[in-house]
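As you go down the protein sequences, you meet chains A and B in turn.
Per this note's numbering, residue 1 is the first one in the first sequence, and the count goes up by one each step.
Per this note's numbering, residue 1 is the first one in the second sequence, and the count goes up by one each step.
Everything labelled a hint here was simulated from the structure, so no lab data went into it.
Being a predicted model, the structure only gives us computed values, none of them experimental.
Every residue, glycine too, gets a C-beta built ideally from N, C-alpha and C.
Fair warning: there could be bad hints in the mix.
Unchecked claim - Restraint-style ranges between C-beta atoms, simulated for each label pair: (1) A/R175 <-> B/R46: 33 to 39 Å; (2) A/L32 <-> B/H42: 52 to 58 Å; (3) B/D8 <-> A/L128: 45 to 51 Å; (4) B/A133 <-> A/P30: 34 to 40 Å; (5) A/R143 <-> B/D8: 39 to 45 Å; (6) A/V337 <-> B/I44: 43 to 49 Å; (7) A/P27 <-> B/D8: 55 to 61 Å; (8) A/P113 <-> B/I44: 55 to 61 Å; (9) A/F223 <-> B/H42: 55 to 61 Å; (10) A/S33 <-> B/R118: 35 to 41 Å; (11) B/D8 <-> A/T266: 46 to 52 Å.
The primary structure of each chain is shown beneath.
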Amino acid sequence: MYVAVKGGERAIENAHKLLAEARRGDPEVPELSLPQIEQQLSLAVDRVMTEGSLHDRELAALALKQARGDMIEAIFLVRAYRTTLPRFGASEPLDTDNMAIRRRVSATYKDLPGGQILGPTFDYTHRLLDFALAEDGVHPEARVADDPLPQSMPRVTGLLDAEGLIESSEVDDSRPVADVTREAESFPADRDARLQALARGDEGFLLAMGYSTQRGFGNTHPFAGEIRMGEVAVEFIPEELGFAIEIGEITVTECEMLNQFKGSDTHAPKFTRGYGLAFGQCERKAMSMALVDRALRARELGEASGAPAQDEEFVLYHSDNVQATGFSEHLKLPHYVDFQSELSILRNLRRDHDTKAARKEAAE
Amino acid sequence: MLSDATVDVSARRDWMSVLAKAKAPSLLELWRDRPEQRLPWHFIRRPEVGLTMLRGRAGGDGQRFNLGEATVTRCSVEVDRRLMGHAYLLGRDLQHAEAAARLDALLQDPDYQAELLRAVIEPLRHAQAEERALASRKAAATTVDFFTLVRGED
Numbered sequence: 001m002y003v004a005v006k007g008g009e010r011a012i013e014n015a016h017k018l019l020a021e022a023r024r025g026d027p028e029v030p031e032l033s034l035p036q037i038e039q040q041l042s043l044a045v046d047r048v049m050t051e052g053s054l055h056d057r058e059l060a061a062l063a064l065k066q067a068r069g070d071m072i073e074a075i076f077l078v079r080a081y082r083t084t085l086p087r088f089g090a091s092e093p094l095d096t097d098n099m100a101i102r103r104r105v106s107a108t109y110k111d112l113p114g115g116q117i118l119g120p121t122f123d124y125t126h127r128l129l130d131f132a133l134a135e136d137g138v139h140p141e142a143r144v145a146d147d148p149l150p151q152s153m154p155r156v157t158g159l160l161d162a163e164g165l166i167e168s169s170e171v172d173d174s175r176p177v178a179d180v181t182r183e184a185e186s187f188p189a190d191r192d193a194r195l196q197a198l199a200r201g202d203e204g205f206l207l208a209m210g211y212s213t214q215r216g217f218g219n220t221h222p223f224a225g226e227i228r229m230g231e232v233a234v235e236f237i238p239e240e241l242g243f244a245i246e247i248g249e250i251t252v253t254e255c256e257m258l259n260q261f262k263g264s265d266t267h268a269p270k271f272t273r274g275y276g277l278a279f280g281q282c283e284r285k286a287m288s289m290a291l292v293d294r295a296l297r298a299r300e301l302g303e304a305s306g307a308p309a310q311d312e313e314f315v316l317y318h319s320d321n322v323q324a325t326g327f328s329e330h331l332k333l334p335h336y337v338d339f340q341s342e343l344s345i346l347r348n349l350r351r352d353h354d355t356k357a358a359r360k361e362a363a364e
Numbered sequence: 001m002l003s004d005a006t007v008d009v010s011a012r013r014d015w016m017s018v019l020a021k022a023k024a025p026s027l028l029e030l031w032r033d034r035p036e037q038r039l040p041w042h043f044i045r046r047p048e049v050g051l052t053m054l055r056g057r058a059g060g061d062g063q064r065f066n067l068g069e070a071t072v073t074r075c076s077v078e079v080d081r082r083l084m085g086h087a088y089l090l091g092r093d094l095q096h097a098e099a100a101a102r103l104d105a106l107l108q109d110p111d112y113q114a115e116l117l118r119a120v121i122e123p124l125r126h127a128q129a130e131e132r133a134l135a136s137r138k139a140a141a142t143t144v145d146f147f148t149l150v151r152g153e154d
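With these hints in hand, go ahead and build the complete structure from the sequences.
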């Protein structure tokens with residue numbers, strides 16, 4: 001039980017003032033601006049948007065500044081802000097086929113049409129600290145090719161589809177789309193609800209869950225069929241217009257995992273698919289999401305083995321870091337009355353125990 | 001007021017897209033000293049910030065799902081007591097939304113359309129295309145050129 005305790009107002013007020021001072025740090029050091037965070041800590045901004053489940057770079061930068069760089073606190077702030085705004089509606093599904101690609105790699109085909117485009121990646125860096133960055137005034141310049149990339153690039157899944165070696169997607173746009181922010185999760189969950197929960201789920205949790213499937217806890221034999229990152233247009237149909245208009249564009253990272261499927265009585269052997277999509281450049285998140293999405297399809301594909309990543313209640317109930325932090329961190333709030341009652345129970349138990357022990361000793 | 005039937009929907013979708021994707025400072029700069037600014041206008045709906053749920057498709061081509069929300073600003077205006085203009089834009093820029101809605105209204109009138117397309121929409125479109133092409137050329141420079149070593153056996 002949690003009991004309101006009076007008397008801490010001044011302490012709380014002063015703690016907030018101390019927090020503000022600690023957040024600012026040494027006043028001799030220039031203050032961070034939101035554009036600096038947005039531009040130079042852009043992957044932190046991307047993560048806060050993805051798990052905060054709200055695309056707004058400036059708000060995510062503000063949340064990071066206010067949270068002193070604490071990701072989950074920043075995500076919490078963004079989640080709280082979104083509850084203050086009305087919802088105008090839902091967009092048309094993002095068309096990632098027509099992404100303006102800035103990165104696109106496949107681990108399955110070396111010579112895929114359109115090519116392997118590395119883009120701005122940490123891959124193939126040596127992970128040695130670069131002390132040049134410790135100094136100001138570095139002005140790096142990217143190499144510019146003579147020609148831009150082709151307008152559109154075929155998907156790896158499309159190449160396999162031509163051979164009939166990959167499962168095809170089912171599309172039924174007459175079905176309503178689940179929204180886990182408005183309806184309580186129910187189980188078994190449909191894939192749309194699972195994908196939404198995974199999209200806002202904690203990167204570390206999903207990374208560990210995805211990793212567990214690779215290590216044999218529900219082995220799914222994944223290949224990164226395709227990872228692409230770039231800009232997509234957002235289309236929305238305002239009711240006053242009745243037709244779709246583009247309302248801007250956003251950066252997203254998409255990952256399609258391909259997984260072996262041995263086939264069953266009713267299904268021929270083929271590759272199956274796991275899908276990940278995230279705001280900004282969140283590649284580890286998109287890959288983890290795709291691994292876990294595929295693992296959660298174990299029931300549907302008749303391959304469930306009881307591995308943690310295949311257990312949708314376990315995964316979906318524990319993937320949200322704002323819920324997890326709320327419940328875990330509430331333990332530090334006053335539980336004085338609870339604790340006093342536990343203490344009194346324990347004292348009684350101890351008294352009984354000691355009395356029994358004394359009697360036993362006396363009898364011997 | 002002009003009815004929707006008199007305005008070509010694809011042309012309107014096109015300029016609304018350009019206005020939405022424009023960088024607010026560039027748009028406001030091009031719009032600031034336009035003579036059409038003097039026409040009387042009023043808000044039908046003041047710029048308002050809200051959310052839109054962005055959707056994806058499983059596998060990029062399958063069942064729809066909710067990816068996450070985005071901030072959106074919308075605004076509706078009436079210009080010259082006859083032209084209705086609307087704006088829906090990602091983000092929270094109220095001035096951008098007001099300018100986009102007023103321009104959407106004006107662009108529906110054949111008397112203003114050609115000149116505003118030339119003076120506002122085309123420069124913005126050009127800047128957007130340039131920016132996209134530059135990003136694409138930088139990405140293209142990171143394309144892997146695989147080569148196979150020729151073995152001297154034949």
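Status of the hints after comparison with the structure:
1. At about 36 Å, the CB distance of A/R175 to B/R46 agrees with the hint of 33 to 39 Å.
2. In this structure the supplied range 52 to 58 Å is violated for A/L32 paired with B/H42, their Cβ-Cβ distance being about 41 Å.
3. Between B/D8 and A/L128 the Cβ separation comes to about 58 Å, which falls outside the hinted range of 45 to 51 Å.
4. Range check, B/A133 to A/P30: about 35 Å between beta-carbon atoms, so the 34 to 40 Å window is met.
5. One distance hint, 39 to 45 Å for the beta-carbon pair A/R143 and B/D8, holds here, with the actual separation near 42 Å.
6. Take A/V337 and B/I44: their Cβ atoms lie about 56 Å apart, and the range 43 to 49 Å is violated.
7. Between A/P27 and B/D8 the beta carbon distance is about 58 Å. The supplied range of 55 to 61 Å therefore holds.
8. At roughly 48 Å, the beta-carbon separation of A/P113 and B/I44 lies outside the given 55 to 61 Å, and the hint is violated.
9. At roughly 59 Å, the beta carbons of A/F223 and B/H42 sit within the given window of 55 to 61 Å.
10. Between A/S33 and B/R118 the beta carbons are some 37 Å apart, a value that agrees with the proposed interval 35 to 41 Å.
11. At about 51 Å, the beta-carbon gap between B/D8 and A/T266 stays in the expected band of 46 to 52 Å.
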